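S.K.: Sequence:
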Amino acid sequence: MKNHLRLLALSSVILGLASCDAPDTTTQVDDSKSEQYVKDVHSFAQPDKIAVSHIGLELLADFDTKTLSGTVTHTLMHNAPATEVHFDVSGLRIDAAYNELGDSLKFEVKKGNNFGDDLVVNVTAETQKVKIVYATTPESKAVQWLEPVQTLGKKQPFLFTQGQAILTRTWIPSQDSPGIRVTYDAKITVPKDLMAVMSASNPTEKSADGVYSFEMKQRIPPYLIALSIGDLAFQSLGDRTGVYAEPEMLPKAAYELAEMESMVKAAENLYGPYAWERYDVIVLPPSFPFGGMENPRLTFATPTIIAGDRSLTSLIAHELAHSWSGNLVTNATWDDFWLNEGFTVYFEYRIMEAVYGKEYAVMLKSLGLQGLKHTVEELGPTSADTHLKLNLEGRDPDEGMTDIAYEKGHMFLEMLEETYGRDTTDVFLKGYFNQFAFQNMTTERFLTYLDKELISKHDKKVNVDEWVFGPGLPANCKSFTSDRFAAVDAQMRAWLKKEKKSSEIFTAEWSTHEWLHFLRSIPEDLTADRMADLDKSFSLTASTNAEIQGIWYEKAVLNGYEKAFPAMENFLINVGRRKFLTPLYTAMIKDGRYTDKAKAIYAKARPNYHSVSTGTMDALLDN
3 MKNHLRLLAL SSVILGLASC DAPDTTTQVD DSKSEQYVKD VHSFAQPDKI AVSHIGLELL
63 ADFDTKTLSG TVTHTLMHNA PATEVHFDVS GLRIDAAYNE LGDSLKFEVK KGNNFGDDLV
123 VNVTAETQKV KIVYATTPES KAVQWLEPVQ TLGKKQPFLF TQGQAILTRT WIPSQDSPGI
183 RVTYDAKITV PKDLMAVMSA SNPTEKSADG VYSFEMKQRI PPYLIALSIG DLAFQSLGDR
243 TGVYAEPEML PKAAYELAEM ESMVKAAENL YGPYAWERYD VIVLPPSFPF GGMENPRLTF
303 ATPTIIAGDR SLTSLIAHEL AHSWSGNLVT NATWDDFWLN EGFTVYFEYR IMEAVYGKEY
363 AVMLKSLGLQ GLKHTVEELG PTSADTHLKL NLEGRDPDEG MTDIAYEKGH MFLEMLEETY
423 GRDTTDVFLK GYFNQFAFQN MTTERFLTYL DKELISKHDK KVNVDEWVFG PGLPANCKSF
483 TSDRFAAVDA QMRAWLKKEK KSSEIFTAEW STHEWLHFLR SIPEDLTADR MADLDKSFSL
543 TASTNAEIQG IWYEKAVLNG YEKAFPAMEN FLINVGRRKF LTPLYTAMIK DGRYTDKAKA
603 IYAKARPNYH SVSTGTMDAL LDN
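If you use the working numbering, the sequence shown corresponds to residues 3 to 625, in order.
Since the hints were made in silico from the structure, they are not lab data. Computed from a prediction, not measured in an experiment: that's the story for all the values here. Treat each hint with caution, since some may be false.
Label-pair restraints from in silico Cβ distances [claimed, not checked]:
(1) 124 with 471: 35 to 43 Å
(2) 620 with 95: 18 to 26 Å
(3) 155 with 58: 30 to 38 Å
(4) 97 with 382: 42 to 50 Å
(5) 572 with 310: 16 to 24 Å
Derived SDA-like pairs: lysine to any residue, alpha-carbon spacing no greater than 25 Å straight-line [what the hints assert, rightly or not]:
(6) 131 with 95
(7) 360 with 482
(8) 254 with 572
(9) 360 with 270
(10) 112 with 397
(11) 463 with 425
(12) 254 with 158
The beta-carbon is built from N, C-alpha and C at its ideal position, and this holds for glycine as well.
Model the full structure from these sequences, guided by the hints.
M.R.: Structure representation (structure tokens):
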């Protein structure tokens with residue numbers, strides 16, 4: 003998943019030759035009984051006693067009552083004597099539980115904490131399956147039901163789920179921990195004029211009866227089980243890539259994502275065969291709270307990446323990279339989140355370099371480092387929240403989804419590359435993904451592997467503990483020099499000194515990244531006239547590029563440029579991506595000048611936001 007800015011299939015012959023080095027993509031690679039379970043403070047599951055190995059879903063989507071109802075059947079793996087199996091639930095109605103013979107099982111929902119409750123089902127040593135009859139409720143935070151007016155087509159309703167970090171328990175009773183991997187199948191019944199897709203094998207056309215069947219053969223953590231239902235159409239982009247979107251969005255999305263096949267090829271060239279058969283993307287309505295979500299086989303993506311010039315597709319590279327770091331090798335707990343995101347950002351930038359060139363990647367890295375330094379400043383350079391290895395006990399894991407995990411994690415790998423060389427680091431990373439494919443990883447386990455397979459093999463020691471368990475940015479944090487950004491800086495300095503008019507700033511060949519660098523450098527003490535001058539020259543308030551809009555509107559608030567406020571309000575009402583919402587609402591309440599305005603806009607916008615976003619905004623605005 004990416005909260006900030008962020009290639010052709012190998013022939014079957016080549017894949018066959020490579021199979022001795024590649025993970026099995028059709029079956030469970032590792033016997034689940036060998037899984038290294040660790041304590042997860044965000045789950046009531048007890049997998050060391052009984053773990054779930056497979057989930058079977060049979061659900062009806064009722065848009066009139068806004069409920070998903072039906073059954074989930076858990077295949078159990080008995081690891082130690084136990085008379086109870088524990089599941090995570092939140093905001094669900096639990097009606098009954100049965101074993102594989104149809105016998106009723108005693109169950110109890112024990113009050114838990116702010117993150118959910120403990121569903122305890124009585125079993126015996128012979129119980130192989132537990133079927134739970136249940137339904138979602140309005141408190142099921144993973145699920146967002148959209149009215150037709152909230153979609154692009156305005157004719158049909160829409161549904162999507164968002165499970166990361168611990169929200170799968172709000173639409174599926176599950177052992178909702180990243181350290182417990184499962185396969186799954188599903189039968190989803192929806193209105194006949196809608197299509198259902200999941201993080202699994204997917205249809206490309208609507209069914210005649212509204213019934214859709216799915217299968218995910220590879221073992222994944224529950225947070226990666228995902229469902230979307232709507233008026234969807236599909237367009238192929240290559241042998242194993244394609245895009246889903248509302249029909250009105252599909253041509254734009256297909257154009258924007260046309261280079262996905264090249265990205266997959268570039269990724270494979272770096273770190274080995276793609277393990278998930280297909281890589282498709284669904285472009286969701288604008289209420290989706292993240293840039294993207296790396297649901298295997300089907301990335302969920304925000305429409306804010308559809309800029310018309312393919313300038314924001316690094317997000318797709320990021321979600322694709324998760325097919326190795328995150329989906330293939332997964333953080334064992336949310337304290338180890340950096341193992342997912344830091345590796346993915348590093349991989350993302352490598353993909354973008356391979357496809358678009360080194361200077362393009364340097365600009366991305368420079369923007370990422372800018373964001374990281376800002377985050378460290380906000381959190382405080384000595385804050386424990388700037389450690390890579392976190393302690394999130396008693397806290398929502400979403401609090402760990404900052405630039406620390408993403409960009410400090412990335413900079414750690416840049417440090418390794420700088421120390422040991424790119425080729426050596428690539429061999430290490432490729433070996434890491436292959437060695438631990440379809441397994442879960444703690445920070446400590448990774449560091450042991452790092453020492454054995456990289457550090458100890460070379461006569462170069464690195465300050466691992468300072469990076470992983472220490473605050474702030476170590477002195478050997480790499481910096482990046484972009485010639486194109488340097489040219490932008492020179493023009494901005496000249497404009498600030500009034501040596502150059504805004505109309506004289508040469509922007510004709512600027513990429514979105516240069517625009518973002520330029521906008522970030524706008525000080526917070528400009529007059530309204532100078533802001534208006536920039537706006538007149540570059541039509542910034544009227545921009546349709548969400549990344550540009552987000553930064554420009556923030557600068558407009560901080561500089562009191564109120565002519566941009568109507569456009570900003572429209573943006574906030576229609577876009578639910580948390581990355582944009584948080585800085586804009588924060589800017590409005592920063593000095594109290596626009597606090598009332600922020601609350602008034604939020605009152606209008608809140609119904610359009612997913613619970614992930616409303617949770618953050620409610621806390622920010624004391625709603």
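S.K.: Decide, hint by hint, whether the structure agrees.
M.R.: Okay, the hints, checked on the actual structure:
Hint check: residue 124 to residue 471, Cβ distance near 42 Å, so the stated range 35 to 43 Å holds. Taken as a hint, the range 18 to 26 Å holds for the pair residue 620 and residue 95, whose Cβ atoms sit roughly 24 Å apart. At roughly 32 Å, the beta carbons of residue 155 and residue 58 sit within the given window of 30 to 38 Å. Between residue 97 and residue 382 the CB atoms are about 48 Å apart, so this pair conforms to the stated range of 42 to 50 Å.
Between residue 572 and residue 310 the beta carbons are some 19 Å apart, a value that agrees with the proposed interval 16 to 24 Å. Proximity of residue 131 to residue 95 is assessed by CA-CA distance (about 20 Å); at most 25 Å being required, the pair is judged to hold. Note on residue 360 and residue 482: the hinted pairing holds, with a Cα-Cα distance of about 11 Å set against a maximum of 25 Å. Pair hint residue 254 plus residue 572 holds up; C-alpha atoms about 22 Å apart against a cutoff of 25 Å.
Between residue 360 and residue 270 the alpha-carbon distance is near 18 Å, which keeps this suggested pair within the 25 Å criterion. Only pairs whose Cα atoms come within 25 Å are accepted, and residue 112 paired with residue 397 is accepted, the gap being roughly 20 Å. Distance check on the hinted pair: residue 463 and residue 425 sit about 18 Å apart at the alpha-carbon level, within 25 Å; holds. Distance hint between residue 254 and residue 158 is fulfilled; the C-alpha atoms sit about 20 Å from each other, no more than 25 Å.
In the structure shown, no violation is registered for any of the earlier numbered hints.
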